[in-house]
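*Asks:* Chains C and R are the protein sequences, given in the same order.
In this text, residue positions in the first sequence follow this note's numbering: the first is 186, and each later residue adds one.
In this text, residue positions in the second sequence follow this note's numbering: the first is 15, and each later residue adds one.
Treat the hints as calculated values from the structure; they're not laboratory data.
Values in this document were obtained by computation on a predicted structure and should not be read as measured data.
Note that CB positions come from ideal geometry on N, CA and C, so glycine has one too.
Mixed in with the good hints, there may be bad ones.
Not the full set, but computed from the structure, chain C residues with beta-carbon under 10 Å of chain R [what the hints assert, rightly or not]:
hint : residue
1    : Gly249
2    : Phe309
3    : Arg343
4    : Asn349
5    : Val351
6    : Phe358
7    : Phe390
8    : Phe392
9    : Phe481
10   : Glu609
Calculated cross-link-like contacts (lysine-lysine; reagent style DSS-like; alpha-carbon spacing at most 25 Å) [unchecked claim]:
hint : chain 1 : residue 1 : chain 2 : residue 2
11   : C       : Lys235    : R       : Lys157
12   : C       : Lys553    : R       : Lys133
13   : C       : Lys233    : R       : Lys133
14   : R       : Lys150    : C       : Lys610
15   : C       : Lys208    : R       : Lys62
16   : C       : Lys233    : R       : Lys75
17   : R       : Lys133    : C       : Lys306
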Amino acid sequence: MHSFDLSLEHITKVEGNASLNLKVIDGKVTDVKFAITEYKRFFTEAMKGKDIAAIPAHLSRICGTCSNAHIMCSIEACEDALNITPSAQTKLLRALTMHGLMIRDHALHLYLFSMPDIFGKDAFLDLDENNPIEHQLLHDGFDTKSAGNFLATLIAGRSVHATNPVIGGFLKFPEESETAEAISKLEAVRPAVLRLIEIFKNAPFHFDRQTKYMALVPEDSFGYINGNIITSHNEKYEEKDFRSHLEHTVLPYSQASAYTYNGEGYMVGALARINLAKDKLHPKTKESLKEVLNLFPATDIFYNNLAQAIEILHSVDESIDILSNNKFLAEPIMKGERKEGAVGIGVVEAPRGTLYHKVIIDVNGKIKEGEVVVPTGQNQINIERDIGVLVQSLIDGSTSLTVGKSEYADGSDMAKEKIAFEIEKLIRAYDPCMSCASHFLKVEWEEK
Amino acid sequence: MENTEDKPASAEATAGKVKIGWFSFSCCEDNTIVMTEVMNDHWQEWKKIFDFRHVRVLKSKNIFDEFDIAFVEGAIVSPDQEKQVKDIRNISKKLVAVGSCAVLGLPANQRNTFTPEQKESIDFLITRFGSLPEVKKLSDVVKVDVEIPGCPMSPTVFLEKVNSLISEFHA
Numbered sequence: 186m187h188s189f190d191l192s193l194e195h196i197t198k199v200e201g202n203a204s205l206n207l208k209v210i211d212g213k214v215t216d217v218k219f220a221i222t223e224y225k226r227f228f229t230e231a232m233k234g235k236d237i238a239a240i241p242a243h244l245s246r247i248c249g250t251c252s253n254a255h256i257m258c259s260i261e262a263c264e265d266a267l268n269i270t271p272s273a274q275t276k277l278l279r280a281l282t283m284h285g286l287m288i289r290d291h292a293l294h295l296y297l298f299s300m301p302d303i304f305g306k307d308a309f310l311d312l313d314e315n316n317p318i319e320h321q322l323l324h325d326g327f328d329t330k331s332a333g334n335f336l337a338t339l340i341a342g343r344s345v346h347a348t349n350p351v352i353g354g355f356l357k358f359p360e361e362s363e364t365a366e367a368i369s370k371l372e373a374v375r376p377a378v379l380r381l382i383e384i385f386k387n388a389p390f391h392f393d394r395q396t397k398y399m400a401l402v403p404e405d406s407f408g409y410i411n412g413n414i415i416t417s418h419n420e421k422y423e424e425k426d427f428r429s430h431l432e433h434t435v436l437p438y439s440q441a442s443a444y445t446y447n448g449e450g451y452m453v454g455a456l457a458r459i460n461l462a463k464d465k466l467h468p469k470t471k472e473s474l475k476e477v478l479n480l481f482p483a484t485d486i487f488y489n490n491l492a493q494a495i496e497i498l499h500s501v502d503e504s505i506d507i508l509s510n511n512k513f514l515a516e517p518i519m520k521g522e523r524k525e526g527a528v529g530i531g532v533v534e535a536p537r538g539t540l541y542h543k544v545i546i547d548v549n550g551k552i553k554e555g556e557v558v559v560p561t562g563q564n565q566i567n568i569e570r571d572i573g574v575l576v577q578s579l580i581d582g583s584t585s586l587t588v589g590k591s592e593y594a595d596g597s598d599m600a601k602e603k604i605a606f607e608i609e610k611l612i613r614a615y616d617p618c619m620s621c622a623s624h625f626l627k628v629e630w631e632e633k
Numbered sequence: 015m016e017n018t019e020d021k022p023a024s025a026e027a028t029a030g031k032v033k034i035g036w037f038s039f040s041c042c043e044d045n046t047i048v049m050t051e052v053m054n055d056h057w058q059e060w061k062k063i064f065d066f067r068h069v070r071v072l073k074s075k076n077i078f079d080e081f082d083i084a085f086v087e088g089a090i091v092s093p094d095q096e097k098q099v100k101d102i103r104n105i106s107k108k109l110v111a112v113g114s115c116a117v118l119g120l121p122a123n124q125r126n127t128f129t130p131e132q133k134e135s136i137d138f139l140i141t142r143f144g145s146l147p148e149v150k151k152l153s154d155v156v157k158v159d160v161e162i163p164g165c166p167m168s169p170t171v172f173l174e175k176v177n178s179l180i181s182e183f184h185a
């Protein structure tokens, strides 16, 4: 049995920077360190002393691709602190903001990051335009991203660092002609999304593992903003409990904070959401995906890709529904009360999983303390553990990925290159976001 | 082992194309996302005229040899990053600073203006990860040819600057 070290200085086709160090001694994986190498930018320290009205836009800058989820979560936390209950129309516009984000962000991940692995290509743009299937997928990918981008821009002002949603409501409202255009674009990409689901249902990669799943699950229909935090072991936590059920863990080699639940790793994200709430998906989505939904609940991490594709379809169907059945009229921005020591909690489902925001303000509405818990920080320990199990199974020849035992076990450069490729595929299936994960300085809370 | 460098694409496939590098330092990578959204309407044209030589968000087999245009987003936070961006500068005909963190340093440099108490509270992290005492904007470290400000950059301004640079290379 051979011994070798493997270091990946950069993981490609993910959001942000991460690295990996892995040690194999006598054919056994003895050490795995998945490190998030983005430098901290100290957003929660920097928010101290700022006026609460500025906080959603400030925290949006934690992450470009997840920015609109941070805005939604921060607004929820700030409104909680200010005792504001949003209007019914505002809730619909926020739901649409999240749907636009999910369509755009999941499409980026599935087409540009993950699909090249399925087709044996290095990049999505390497798909062959002269091949009818690949030609179709190239157009599908950019058209679907574009539809999500259009929806997000129409409702939220921008698909990155949205300008329309603020504490207490929205600054602009879509015109009827604009919502009609959005409906038309969403209807046009629905067949593309069905093709996408078929691609990821039939993807040849599988990695089964047991873990706990956790997600914010609404009581009524599938969504990303309201509900209770539910686990795959039927435990339930309210949003107001913030992260009291999670244990913060320091990984000294990583710039990001990690979390455990009852001392163990767990998973958040699309796979957790579909596992826990597939029955709440839009009726049209369920009607189109009867057979596919039977695959869930699943323990195959690569089905996180399939779950994201399903969520795109749900967001398309739900958005068409909301846009078709509502007219949006100008509403004034709601004002709240600024009270000394008021605490606000926000919890939403960002594309990569459950996102928590907390603020404490003073009587003038200035921030005394803030805390943010992001999905990739929560998935970090699970990712690390899965990499260890994956590499061991490759070396042992106990996985469907293994073509021949010696192919992975001899410690040669070729073996290491193949192992590195399998690790990158696995990490990409989690769709980690390192920009989010390294944003903050851990705050020790002293509740008064 | 560096897995992101690989054999160059065939000379035939890249002949006559503008060699592009896209690099992200300390920031939220919003400009990368905007670039991928601009691509929705321009991918067919870009595929013909650009050799995406080193763009980690798009591909794994990246080549770090020479660039006609290197786009750089993010502020510079560590000695390693200083060296990397100088290396990029040395092999790039044009270096474009993209977005607020690259152009102004903000908001990645917000720790530069922390109070002494705040600085003390984060000092162990600055030391542990070998960060610079102060975060720098791109022009503090290298010569910048073109700036595209914004948080994120405006797609319209990005396209104007890109088209202008392409015209220069084709002149």
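*Asks:* Taking the hints in turn, state whether each one holds.
*Replies:* Hint check:
Nearest Cβ of chain R to the Cβ of Gly249(C): about 3 Å, under the 10 Å cut. The hint holds. Because the closest C-beta pair between Phe309(C) and chain R is about 7 Å apart, less than 10 Å, the hint holds. Annotation: interface hint on Arg343(C) holds; nearest CB of chain R at approximately 8 Å, less than 10 Å. Evaluation of the Asn349(C) hint against chain R yields a violated restraint, the C-beta minimum of about 16 Å exceeding 10 Å.
Given the 10 Å rule on beta carbons, the hint for Val351(C) is violated: about 17 Å separates it from the nearest Cβ of chain R. With a least beta-carbon distance of about 23 Å to chain R, the hint placing Phe358(C) at the interface is violated under the 10 Å criterion. The criterion of a C-beta within 10 Å of any C-beta in chain R is not met by Phe390(C), whose closest approach is roughly 16 Å, and the hint is violated. Restraint check, Phe392(C) versus chain R: the minimum CB separation of about 19 Å is more than 10 Å; hint violated.
Hint status for Phe481(C): violated, given a least beta-carbon distance of 29 Å to chain R, over 10 Å. Residue-level restraint check for Glu609(C) holds (minimum Cβ-Cβ distance to chain R is 7 Å; threshold 10 Å). Using a Cα cut-off of 25 Å, the hinted pair Lys235(C) and Lys157(R) is violated, with the two alpha carbons roughly 34 Å apart. Pair hint Lys553(C) plus Lys133(R) holds up; C-alpha atoms about 17 Å apart against a cutoff of 25 Å.
Distance restraint check for Lys233(C) and Lys133(R): the Cα-Cα separation of roughly 13 Å lies within the 25 Å cut-off, and the hinted pair is therefore satisfied. For the suggested pair Lys150(R) and Lys610(C), the alpha carbons sit about 34 Å apart, so the restraint of at most 25 Å is broken. A threshold of 25 Å between alpha carbons decides the hint, and for Lys208(C) with Lys62(R) the separation of about 43 Å lies outside it, so the pair is violated. Taking the CA atoms of Lys233(C) and Lys75(R), the gap is near 42 Å; set against the 25 Å cutoff, the hint is violated.
For the hint linking Lys133(R) to Lys306(C), the alpha-carbon distance of about 46 Å lies beyond 25 Å, and the restraint is violated.
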